[in-house]
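A.B. asks: Given chain A, work out where chain B should sit, using these hints.
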Amino acid sequence: MTLFHFFNCAALTFGPHAVYYKATPLSEYDTVGTCVKAALVYLGTTLIKLVLFATFLQASDNDDFHPSQEMLKALIGFLDVAGMYFALTQLTYRNISQNHKFQAIGLGWAFADSLLHRLAPLWVGAKGHEFTWDYLLQGIEANVNLVLTVSLAALGSLMWLRKSKPSALVPIIYTSAGILAAMPSISSYLHRGLKWDFSKVVGFEMSAAVAMALVTWRLFSACQRPQA
Amino acid sequence: MQLVCVSGHTLLALLFLVAAYIDLCDAASVFDVYRAIQYDLRGIPMGSRRASLNHHASSGLSVPGSDITRSVVILPIAKVNITLLNEYLQGKRILGGLLLLLPEKGHGDDNKDEDADENLQVERDLENWIIKNNVPYPVYFVYETPSLKALLDEVIANDLAGKPATATTGGFKLVISGPEPRKIPPPSLVNIQAWLPGLRSEGDSSVVQTIAIVAWYDTFGAAPGIPAGTDSNGSGAVALLEIARLFSRLYANPKTRGRYNLLFALTAGGPYDYEGTSKWLKSFDQRLRESIDYAICLNSLGSISGEKLWLHVSKPPENAYIRQIHEGLSEVATELGLTVEVKHKKINISSSRVAWEHEQFSRQRITAATLSELETPPELLENAGSIVDTRANITQVILSTKLVAESLARYIYDQQDKHITVFADGSNLAVSRSYVQGWLNLLSRTPRMAPFLSRNSPIIAAFHKELADRIEDVKIQHETMDSSFTFYDSTKFVLSIFQVASVTFDLVVMLAVGSYLGLLFVIALVTTKGLDDLFRKPPSSRKIKGT
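Protein chains in written order, with this note's numbering: chain A, 1 to 228; chain B, 1 to 547.
Chain B on its own, in the form it takes in the complex:
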């Protein structure tokens, strides 16, 4: 039985040798991750073009000793060096993958103010970079949890100690496997309209005029699976719902019904040059189009810091109608402590870019204006529902809602210059804070990217029900998007993180086991040839005893 002792010792020694390569570890961890958007714009590929990845973890874009083409770089979203990232892209250095950490839901507001603003800008730049570039490697977003943070800290510590995770040294390995992304068929844009008929007086044969209030509700951000765009344009959609609710109460009673029809519309396709609005307008018949007195479009009303609102118009400000609208709004604005300033932007017929929603109305020769906190016209796909846009200033949204509702009411009921507040605070027609809060919360939790919203998606059903509960005439219109965008699916995946041993470890174990077995063989051979004799007395002693 010597062989057992010897083999035991050998094995222990080898185990200690081998243990130097890797620590005892936990089982694999699993996280939900959201892929960055992938789309083609007029045939040009944009966004992140790959989905599956199987690489080691790295904590930065320039970790010495780590091969960036075979590692997944894990970075908090505010700490990405975009210039370096861009350099790599231009220099055709393709990363194994990029995993961006978003602050935990509900904890993003804990930063100090200066940091927060800077971080916000970096995050927006990063998002723009992802959207506007053809990124040939997988990019994923994940919400930071304590376990993920601990893992990242460990990766950072390893990298700093000069032991980055590679195939030869072992470490953390990230695996996301799934089907390759495919094009989805042209998405449908769902417009929801609600019609509040106005009072037609007896014997009056003239057509009742209509006022349209419109807001787009969908988003376009860096990750379709992540809720985004609370301010752009969740705030606009919520304001519209509240205004519809208030006016539906007024119009329910014929005594308080106004002499204007009210047409509310939640439109899709906002980020894509307001394609939904355009199609919706084209579906109007001539009479309706001519009966629209003016339209007001709501775009981003929940700014954190501002009190100034802009009224964007395409007709010159001197135009009588525009002046009327502006004065109506200014009157109420002063009472509320806001300022509304007119901004004129001519429509450029040759360019297909439609910067504001009211321009779609103007192209149909309908007087319209957009009320927004944004001063400059947004570029294509900017301010259209960013993933960093997770909060809206509810006080500002309420004030803006009050502003629009009040000025509308004074116009409809012909109460200008009469200092009467229709939606006074404390009355049962006041703008409801809980209503606005509730809807803002819902929209901030719901991803609303149009190509990924099916006809039966819950949020569209929620909008429909909300309007249909109070207004009789609510219609849903489905239009197929025929713009130059093509989208790809596969937006949500599962990430598994393993702690793997290095190839060297496997080789060492193989050598250890091989030598152990070899040793066993030799020892067994040597000893058992003689072992038999141990069980048999040597014949000589027997003979001696016998005789």
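The shape of chain A in the complex, shown without the other chains:
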């Protein structure tokens, strides 16, 4: 709907990533390298996922929800976790503290995700004459995705980078991580299986992100306390 709308939606989609980088101490410690590395890992993970999708999934003509297909998609989606693991543990970074590391990785991951999934539809669609709410909703989804990814990165760093964890919390950590990793499948089920409106799906994602972020924060701060 004109270039104006495109810029508005682009700002909504990509602005928060820039803000997150600039406003938090991430910019002070110059963690761009980390973000870029995370983005590249995301790219690699997505490519592998695509290959697996192409090999194992059947192409369907309609937008319906097939449980078996969706299960397979969810399984392949867990590859995201593997990618995150790789990014968090295997790559070497400059000396930056743990909490900055997971934030930078989460940021780079989410930015790459938004870029790949949302830039093209935005460019093609938001510039047309016809107005739909879709692109604004997509922007909100990008924001939500940022929160979810950072939470996942936090939990990831808890799981793999921290040796000492209160044993009571460990199952909660793994459950939360599982839920976060499964978020895309859940959204897709809501959208296609239950035929929810896009705005409703985004609303659900928003509340889920808020909830998970709270849980993650509590877990993280709980794990910060030294062992009793």
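Think of the hints as simulated: they come from the structure by calculation, not from any bench.
Remember, it's a predicted structure, so these values are computed and weren't measured experimentally.
We treat Cβ as the ideally placed atom computed from N, Cα and C, and that holds for glycine.
Take the hints with a grain of salt, since some may be wrong.
Simulated crosslink set (DSBU-like; lysine-lysine; CA at most 35 Å straight-line) [stated by the list, open to error]: (1) K105(B) x K149(B); (2) K37(A) x K73(A); (3) K195(A) x K163(B); (4) K127(A) x K492(B); (5) K149(B) x K200(A); (6) K200(A) x K492(B); (7) K127(A) x K149(B).
What follows is a set of in silico ranges between Cβ atoms, one per label pair, in the way DEER data are often shown [unchecked claim]: (8) R445(B) x W123(A): 54 to 62 Å; (9) N54(B) x D134(A): 19 to 27 Å; (10) D115(B) x D134(A): 43 to 51 Å; (11) T55(A) x K163(B): 51 to 59 Å; (12) G518(B) x K195(A): 31 to 39 Å; (13) S434(B) x W123(A): 56 to 64 Å; (14) Q437(B) x W123(A): 51 to 59 Å; (15) V32(A) x G518(B): 16 to 24 Å; (16) R70(B) x V32(A): 32 to 40 Å.
C.D. replies: For chain B alone, kept in the frame of chain A given last:
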């Protein structure tokens, strides 16, 4: 994570604010539209002069609060206030565009009779207005469909509620984009003639006389892309085809072949002073011209209401030949329940306007007459294939065909006053209802404007084949039109209708997103400077624990 909650709330609030400006909408709709005619007559521009448009929709010519120079007025064709339209034109108020809704094909006959007549008159006046004026904005015709009707209803409701669609308030936007119209090179007029040779008796060295039956088949209406002129002159062309078919059967057998040659011709250029006919006649050689006993031209025989036919002549009615033709027709007419009255109009040599086709024959000193339901001579470009002329009375066409065929037969076979019906109902020489119906249907679906008919167009090929299947000697003649008309192309376009948000909406969204990002920045700055501390125990407590 406070910042996430706060930003979520802010965003929701802003969204509600913004949602007040526009409803959720469907995707764009797309329609086929037909442009009004654009032509130059002797260098004077006429018709609609523009093609592309990109404006908001409006439901009337005087909607309060709407800027008519930046909107496309959508009106059903019967509801146009022509006086107002004319006023605007004279006052140089140029509309953004005019979109006229035609009744859905096949549904136009559902009106009550009184409404229908009034509507018909308004429609004809509107068509004349478009044709005879230089309209400096795009004019389009579109067939009404349920989705288009729903859209129009919504536009009307918005306008009534005082919220017309403009750039500042959003609404429906109509976009037609395409190349600017260009002049097309001088069109060719295609005449199709068929020659049925008559019987030459043994030892008779005199020239066999010829009778010509002629009808023009092309149209001139407000929109070249829309089929038009079912009665004027689709009915004439169909009658000619049927008469040719019947006589070809009679002439196939030498025993029933008449002693006259029959020359049938479907001519083009009817609306343009019968230019095709004139050129066709000029191509005759002297012998043929002198051998023509008389010619009968068919023009509009399918009137809905009439039973009276007029025989228009340019020689005085007292002339022996004219009397003969008239009496022959009247005899059959009485049997069929019709009346045929003679109308005399002298040819005005100084004027270039040729009102009837037979006048072209008369200028070549050939006796001719036009049989028509029209009483008064049509003005230039009137009754020449109007887009509202979509039906012909088939019973009337059949009766007229029978009238002409029968009177011809009685003349040829010298059976006057002998009460013999050659093409009797129920015989295998009867006028075929299905044939007439079929051809009328075809012609009512085919746009037939000569400048837009190429040499190979299907309808011309259909005419040719129809005649050639039965008659051996069929010729096609191509003539270039050299009259004072110049036509422009680009007759069919695609209209896209979008629902757009207003500029205000864009500005509000920009403010919303800007403030959201600003808020995020501030909150992130404030909290993370302290956020680091949340992850690090304050040194003091550690020391305390340690010691």
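A.B. asks: Each of the hints needs a verdict: does it hold here or not?
C.D. replies: The hints, checked one at a time:
1. In summary, the hint linking K105(B) to K149(B) is supported, as the alpha carbons are separated by about 14 Å, within the 35 Å threshold.
2. Taking the CA atoms of K37(A) and K73(A), the gap is about 25 Å. The hint holds against a cut of 35 Å.
3. Proposed proximity of K195(A) and K163(B) is supported: the alpha carbons are some 34 Å apart, at most 35 Å.
4. Using a Cα cut-off of 35 Å, the hinted pair K127(A) and K492(B) holds, with the two alpha carbons roughly 27 Å apart.
5. For a cut-off of 35 Å, the pair hint linking K149(B) to K200(A) stands: about 32 Å separates their Cα positions.
6. Proposed proximity of K200(A) and K492(B) is contradicted: the alpha carbons are some 42 Å apart, above 35 Å.
7. Distance check on the hinted pair: K127(A) and K149(B) sit about 28 Å apart at the alpha-carbon level, within 35 Å; holds.
8. Between R445(B) and W123(A) the CB atoms are about 44 Å apart, so this pair departs from the stated range of 54 to 62 Å.
9. For N54(B) and D134(A), the hinted distance range of 19 to 27 Å is satisfied, since their beta carbons lie about 23 Å from each other.
10. Distance hint for D115(B) and D134(A): a CB-CB separation of about 45 Å, consistent with the stated range 43 to 51 Å.
11. Remark: the range hint 51 to 59 Å for T55(A) to K163(B) is upheld by a beta-carbon distance near 54 Å.
12. Separated by about 37 Å at the C-beta atoms, G518(B) and K195(A) satisfy the suggested range of 31 to 39 Å.
13. In this structure, S434(B) and W123(A) meet the distance hint of 56 to 64 Å, their C-beta atoms being roughly 59 Å apart.
14. Judged by the Cβ atoms, the range 51 to 59 Å given for Q437(B) and W123(A) holds: they are separated by roughly 56 Å.
15. Distance hint check: the CB atoms of V32(A) and G518(B) are about 23 Å apart, consistent with the given range 16 to 24 Å.
16. Evaluation of the 32 to 40 Å hint for R70(B) and V32(A) yields a failure: the beta carbon distance comes to about 49 Å.
When the structure is compared with the earlier hints, violations turn up for hints 6, 8 and 16 and for no others.
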